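As given, the protein sequences belong to chains A and B, one line each in that order.
Here the first sequence is numbered in my numbering, starting from 576 and rising by one per residue.
Here the second sequence is numbered in my numbering, starting from 576 and rising by one per residue.
In case anyone wonders, no lab produced these hints; they're calculated from the structure.
Treat the hints with care, as some may be off.
Heads up, the list lumps identical chains together, so a pair's fine if it works in one copy or across two of them.
Said to hold, decoys possible - Cross-link-like lysine to aspartate or glutamate pairs, in silico, EDC-like; alpha carbons within 20 Å at most:
| # | residue 1 | residue 2 |
| --- | --- | --- |
| 1 | K636 | D841 |
| 2 | K636 | E581 |
| 3 | K636 | E708 |
| 4 | K759 | D802 |
| 5 | K759 | D803 |
| 6 | K759 | D667 |
| 7 | K636 | D660 |
| 8 | K759 | D597 |
| 9 | K759 | D681 |
| 10 | K759 | D827 |
All values derive from a computational prediction rather than experimental measurement.
Below, each chain spelled out in residue letters.
Number of protein chains: 2
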Amino acid sequence: MQIISEEQSFGGTQGVYEHASDACRCSMRFGLYRPPTVTPATPVVFWLSGLTCTEQNFITKAGAQRLAAELGVAIVAPDTSPRGDDVPTDPDGGWDFGHGAGFYVDATEAPWSTHYRMGSYISDELPTLIAAEFGLDTRRVGICGHSMGGHGALITHFRCATRFVSVSAFAPIVAPTTVPWGQKALAYLLGENENTWAGFDATALVATSPTAAHILIDQGSADPFLDDQLQPQRFIDACRRVNQPLTLRMRDGYTHSYYFVASFIDEHLRHHVDALTAFADGA
Amino acid sequence: MQIISEEQSFGGTQGVYEHASDACRCSMRFGLYRPPTVTPATPVVFWLSGLTCTEQNFITKAGAQRLAAELGVAIVAPDTSPRGDDVPTDPDGGWDFGHGAGFYVDATEAPWSTHYRMGSYISDELPTLIAAEFGLDTRRVGICGHSMGGHGALITHFRCATRFVSVSAFAPIVAPTTVPWGQKALAYLLGENENTWAGFDATALVATSPTAAHILIDQGSADPFLDDQLQPQRFIDACRRVNQPLTLRMRDGYTHSYYFVASFIDEHLRHHVDALTAFADGA
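Bound-form chain A, shown alone:
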């Protein structure tokens, strides 16, 4: 693992690191914020970013380090896809699939299946690396994300709730099997047989795999992707049918930007720290 940068931030350290990923078969970068004091009890939250992002967007724009330092929580901010000249990207040159748009699943279809294994990378490889390199306990962590990363946070929680015990999202894609962004990406990554897609769709997953976690979602009412790509009502209805605990707040006038994320990230961090601390207390 290589240090790309380390910066003092609110008394802790905002780092960016690079390593050779077994899952993705390429070099991968991630951000890690470590609060001023790190102990074996330091809670860890994963942040998954949205379409077109790298590890930089969240760490430079969300302003999360201030409260993370105060609460003593570490934040892992991975890249959003495999990258490199060897990694195929959108044949149409779009920004909604390929580099910067890995959708947090393991591809089964060629040529994507060689590198596009963000599911395993986020669920297994990266937590193991973080634990080994930084002495953080990643056996039980929180997961949070924005847009495509909100989709990633939700499906990673439902698919691996023993590790990702708390979950929240900003403006998530909640039903990728039924909206254009998700349909395009899942057709590439998982193939045209839509029966295989449900395992990576939060609205479908909650129907079969509800959890004890209280899910927190914030959604801007002025989000330009609200009606076509996000459709939060689908998830509200699905959670209600199975009594999945959910708080989904429509935030009046907010858009899809990091100004929206920054405005409410403190509440999400508190949500995760409260859940992780309660879990530790009860364990």
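We have chain A already, so just place chain B on it with the hints.
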């Protein structure tokens, strides 16, 4: 004046606006954060950014909107130079003079004197525009900045202390007449006669024009520009000689980045709001 963008942020509005500048004879953009409630008593702070920046760096990376909303303070974040195809830039193609590097002075030398009039723009034109367009009182404001913008904040205060009544800076260029960045820019903008430069050098200005303001400066100890370009001890010594109130804090391990700015921006906002409120109370 044209609205480029307006985003909800912590219950207020982060806007970016563009207007035809009389001072700079080109289109200029600026950021303005308005807190949730704006009254005639809303304090206003100007933020001046450093080399290579636009109006975007501060508004996306400093995380100032959170406390600005809480304290009810507006923040004006101008661009750092005139721009456009008609505006000459560094003949050597450098990033330390020209576009993105106007040094907050009025040029006297051709070809720079046509557009490079950031001194008048910041001191007069922009405050007048902000007052007219947004109903904010800009007769007495605070001014703060980073690096080249720290230089700008300090000289603007010393040259116009009746309007810019409170001042603070992050890692400012305090003595541009004696360091490479300043010498290069001032030679272009003001000509080779160095006698004219002192009026735009904070360390020289404080010797002749000390003020009643308590100046706040933060400086990172791991700043790569500390020894060659910043040299804060020059300003400390000059302030001491004339009893200019100054608090200059060396921040252990911090660099020159916006992680440094973000870590301490809250204290600077409180510094300005306290000073502006005290001024209003005493008026």
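Status of the hints after comparison with the structure:
| no. | hint | in the structure |
| --- | --- | --- |
| 1 | K636 with D841 | both (13 Å within a copy, 16 Å between copies) |
| 2 | K636 with E581 | both (17 Å within a copy, 17 Å between copies) |
| 3 | K636 with E708 | neither (26 Å within a copy, 28 Å between copies) |
| 4 | K759 with D802 | within (17 Å within a copy, 53 Å between copies) |
| 5 | K759 with D803 | within (14 Å within a copy, 53 Å between copies) |
| 6 | K759 with D667 | within (11 Å within a copy, 47 Å between copies) |
| 7 | K636 with D660 | neither (28 Å within a copy, 30 Å between copies) |
| 8 | K759 with D597 | neither (26 Å within a copy, 50 Å between copies) |
| 9 | K759 with D681 | within (15 Å within a copy, 54 Å between copies) |
| 10 | K759 with D827 | neither (30 Å within a copy, 49 Å between copies) |
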